[in-house]
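*Asks:* In case you want the letters, here they are:
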Amino acid sequence: MSNKRGFSDRGAFGVAEREGRETGLPARVAVIYGGPSPEHDVSVLTGLQAVHALQRAPGVNGVRSLYWSKSGDWYEVPAATEAAGFLEGVPSSALRLKLISGPGGGFVRPGSGLRARESRLEIDAAVICCHGGPGEDGSLQGALDLTGLPYTGPTAAGAALGMDKLAFAALVVYAGLPALARVPLDDKSGEPPFAPPYILKPRFGGSSIGIEVVADFETARARLMANSHLRRGAVLEPYHEEMFDLQLAARSWPELQLSAIERPLRTRQGGEILGYQDKYVGSEGMTSAPRELPADIEPALAERIYELATEVASITGLRGVARIDFLSDGEDLFINEINTIPGSLSHYLWIDPRLPLATLLTDLLAEATARPAAVYSAAGSDGSVLRVAGSIASKLG
Amino acid sequence: MTALAGVALGACVAASILAAARWLRVAQREHYLAAGVVRFAWRWWTGSPLNLVIGLGALSGAAAATVAPGAAIATAALVGFGPVGLNLRGRTSRLSWTRRLSLVAAVTGVIEGAVVGLGALAGGWSGAAAAIAFSALAVPLLVAGALAALTPVENRLAQGYVRRASELLARARPLVVGITGSYGKTTTKNYVAYLLGGERSVVASPRSFNNRAGLTRTVIEHLTPGTDVLVAEMGAYGPGEIADLCSWLRPEVAVITSIGPAHLERFGSLDRTLEAKAEITSGARLAVLNVDDSRLAALADRLEGTLKVVRASGSDVSADVAVLGLDHGLELRVAGKASGVARLDPESPPPIRTNAACAAAVALELGITPEQVAGRLGSLPGVPNRLQPYRAAGGYRVLDDTFNSNPAGARHALEVLASLAPAGRRMLVTPGMVELGREQRAENAALGEAAAAVVTDFVLVGRTNRAALLEGCRRVAAPPSLKMVDRREEAVAWAQAELGPGDVVLFENDLPDHFP
Chain R
0 MSNKRGFSDR GAFGVAEREG RETGLPARVA VIYGGPSPEH DVSVLTGLQA
50 VHALQRAPGV NGVRSLYWSK SGDWYEVPAA TEAAGFLEGV PSSALRLKLI
100 SGPGGGFVRP GSGLRARESR LEIDAAVICC HGGPGEDGSL QGALDLTGLP
150 YTGPTAAGAA LGMDKLAFAA LVVYAGLPAL ARVPLDDKSG EPPFAPPYIL
200 KPRFGGSSIG IEVVADFETA RARLMANSHL RRGAVLEPYH EEMFDLQLAA
250 RSWPELQLSA IERPLRTRQG GEILGYQDKY VGSEGMTSAP RELPADIEPA
300 LAERIYELAT EVASITGLRG VARIDFLSDG EDLFINEINT IPGSLSHYLW
350 IDPRLPLATL LTDLLAEATA RPAAVYSAAG SDGSVLRVAG SIASKLG
Chain E
0 MTALAGVALG ACVAASILAA ARWLRVAQRE HYLAAGVVRF AWRWWTGSPL
50 NLVIGLGALS GAAAATVAPG AAIATAALVG FGPVGLNLRG RTSRLSWTRR
100 LSLVAAVTGV IEGAVVGLGA LAGGWSGAAA AIAFSALAVP LLVAGALAAL
150 TPVENRLAQG YVRRASELLA RARPLVVGIT GSYGKTTTKN YVAYLLGGER
200 SVVASPRSFN NRAGLTRTVI EHLTPGTDVL VAEMGAYGPG EIADLCSWLR
250 PEVAVITSIG PAHLERFGSL DRTLEAKAEI TSGARLAVLN VDDSRLAALA
300 DRLEGTLKVV RASGSDVSAD VAVLGLDHGL ELRVAGKASG VARLDPESPP
350 PIRTNAACAA AVALELGITP EQVAGRLGSL PGVPNRLQPY RAAGGYRVLD
400 DTFNSNPAGA RHALEVLASL APAGRRMLVT PGMVELGREQ RAENAALGEA
450 AAAVVTDFVL VGRTNRAALL EGCRRVAAPP SLKMVDRREE AVAWAQAELG
500 PGDVVLFEND LPDHFP
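Heads up: the protein sequence lines correspond to chains R and E, in order. In this text, residue positions in the first sequence follow numbering that gives the first Met the number 0: the first is 0, and each later residue adds one. In this text, residue positions in the second sequence follow numbering that gives the first Met the number 0: the first is 0, and each later residue adds one.
Everything labelled a hint here was simulated from the structure, so no lab data went into it. It cannot be assumed that every hint is accurate.
Computed cross-link-like contacts, SDA-like style, restricted to lysine to any residue with a CA-CA straight-line distance of at most 20 Å [what the hints assert, rightly or not]:
#1 R:Lys97 / E:Pro224
#2 E:Lys336 / E:Ser347
#3 R:Lys97 / E:Leu167
#4 E:Lys336 / E:Arg294
#5 E:Lys482 / E:Arg462
#6 R:Lys97 / E:Arg462
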């Protein structure tokens with residue numbers, strides 16, 4: 000409990016914790032996946048894994064499989080639907096849903112034909128398995144906050160922070176933690192205060208699409224104009240050929256826990272940080288990707304990663320399970336990014352002891368109801384302002 | 000008398016239901032075209048001596064039923080089993096009970112009921128028995144009638160989807176690249192999506208979705224609001240269909256990959272095919288044409304001045320955009336200037352250069368630099384079941400080109416086959432090519448001849464093109480060893496038994512099992 004308490008004291012982004020409100024596991028659950036995102040397909044895989052695992056999880060009584068289409072429509076599909084069912088688009092057995100905001104809202108099946116009345120899906124909590132786009136940038140989280148439906152993973156604000164590479168890096172630096180330089184790039188930017196070559200990245204977005212290594216500032220400017228993936232904003236970082244990725248997962252319930260450290264082995268070709276094939280596919284965090292797990296690194300470096308990960312969990316208000324990415328040359332260590340809804344929910348990173356996906360999911364669900372993502376308050380709006388405004392109006396009238 | 004007539008009626012109703020299951024499946028496979036169902040009924044009942052005998056027997060039974068209602072039982076028995084070879088449940092293509100199919104089935108049932116009612120009015124019990132016997136045999140015609148009657152209904156429903164898709168397009172406002180042609184549409188579409196993917200947010204119609212239903216579904220289910228480019232494959236079975244798709248998709252960039260005898264039996268002539276495909280350019284800002292095709296080269300000259308024309312080629316150095324073959328590589332030429340080289344993996348089949356040139360032209364026009372395009376030409380994605388190589392458990396290599404087959408594609412596949420296994424046995428498994436109209440016999444004979452010159456083993460599947468393929472085979476001085484099978488499964492088993500390491504087998508085309 001002390002760890003949990005520590006969270007609320009240092010907590011950021013309004014993770015509201017109410018003592019004594021541990022209600023146990025929500026029984027009727029929904030898994031949300033897909034969405035209008037470059038990582039739609041990976042999200043479908045994560046979502047189907049979660050549906051499958053939850054069906055056999057103790058304490059869960061009914062799992063709904065809720066699919067968010069690429070075009071933004073909502074559907075319920077049979078829980079047994081396989082990945083192949085999504086190859087051509089919305090599975091043929093899908094039923095249309097609406098998402099309604101406000102108290103008493105949530106997911107609703109519209110009336111049709113003989114059944115004219117619309118009916119609300121009875122759901123106690125939702126597992127969000129969306130990667131990238133509005134499912135991981137706070138939009139979906141905000142929408143669910145307005146419906147009152149508890150959900151797993153980051154809060155709206157935590158998700159938005161994780162999706163904004165510039166804001167995240169700024170927070171890390173502000174907290175006195177190590178990060179590589181990262182500067183915004185737009186058509187008015189001057190040369191950055193570090194030497195080329197650079198990595199050019201979209202400022203928002205979790206996938207590797209749009210990321211590339213550029214030789215000089217002029218090229219970076221030209222790419223900014225030419226590549227529409229950089230349209231919403233771009234950041235520039237120094238590129239260090241010798242550095243490699245190290246990453247681990249952190250989860251916040253029942254207490255802060257850190258996974259083993261992984262070293263992903265990525266293909267590097269022709270100056271691009273990822274092969275074009277990888278980029279085009281735009282996937283991340285797949286359980287089948289080549290990796291070294293646990294990473295073969297010095298114990299001191301591993302220790303430092305654990306320290307920094309704990310700090311990052313604290314300053315970002317970790318809720319759910321996140322993957323934290325570092326860069327290192329074997330000695331120096333820099334915090335790179337946070338992925339607040341990682342592929343396969345990073346459950347495969349817990350290897351000693353293993354963490355079954357079902358256990359991770361039921362812990363996430365317990366947290367979803369025990370630590371609501373948003374609690375609204377109207378304290379202070381007691382009418383006094385309105386009374387003053389009324390008297391002004393009468394004087395002017 | 001009445002008891003026997005009752006039994007006959009019941010038997011014929013049962014036979015009609017079995018026949019309906021068969022012919023509704025054909026209707027579904029033939030794009031719900033009434034003419035397609037009738038054509039296939041003729042092919043099946045006249046395609047083999049056995050079926051001809053069964054069909055004539057069923058017809059005689061129905062005729063006899065006008066005087067002796069019991070004879071309808073014979074018709075029912077024959078129609079219940081025939082035509083031999085057309086399965087109730089598909090092997091390659093199962094019947095799927097969609098809303099549309101249920102409606103067709105219901106209307107078919109109503110028509111049959113009406114026919115039987117009329118028979119009963121005209122001739123009492125024996126009239127009814129004869130009527131139902133005739134209609135059991137004529138189920139394909141009844142299905143065709145239902146399809147024709149339902150066309151206006153379906154058009155109305157489709158308009159609803161078109162309206163919704165148009166709204167979504169108006170909101171997202173992507174640049175639309177329309178791709179049509181007799182062959183190479185899907186490959187070119189995948190190439191375009193691949194070349195643009197790193198720089199633009201691209202949505203491409205999945206698989207071979209290329210008609211109104213598939214493209215409205217693409218927009219409604221796949222078009223993310225932030226999409227920059229929608230790559231739409233547009234197919235046509237007749238004049239006016241591309242224009243209809245363009246009326247709401249409004250492609251700014253129009254690509255025509257090839258003009259060939261695909262669906263020739265529906266178009267009539269290659270010049271009519273060209274005019275139908277050229278509909279894609281009206282309203283476009285830019286046309287990308289494969290000028291290796293003489294008809295498209297002429298179209299390029301004709302269109303000059305009405306819109307920007309980019310000539311793409313897989314061999315002509317002077318074309319606006321050319322992708323040329325090198326040893327283990329490709330060279331991109333833009334406006335005659337060498338603009339980059341891509342290395343190819345010798346293990347995988349090379350990309351189809353004319354399609355790559357068309358795709359490169361689109362990418363260049365959309366602002367991707369020649370260096371980037373050239374760099375990515377070396378890793379263009381293959382299309383599943385289109386010349387995809389893999390190694391079988393028996394150690395021999397398999398080239399899977401079963402997606403479909405056309406004269407140009409089949410020649411390309413034979414070239415790849417010849418280049419892969421100069422030493423071992425080279426087996427070709429094919430049912431030949433279909434939908435080539437009057438050219439079908441000649442084209443399949445030409446395929447047979449070309450194949451006989453390359454392969455050591457020739458496995459002919461099914462009966463649709465058997466005679467034509469054999470005719471071509473006989474033109475070669477030293478024909479390969481021949482094997483005839485009825486179904487692909489038998490051919491696969493034959494290859495497994497015969498081939499070993501060092502051998503290679505090409506599966507060229509796979510006809511769905513509603514073909515005889």
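*Asks:* Please list, smallest to largest, the hint numbers that this structure does not respect.
*Replies:* 2, 4, 6
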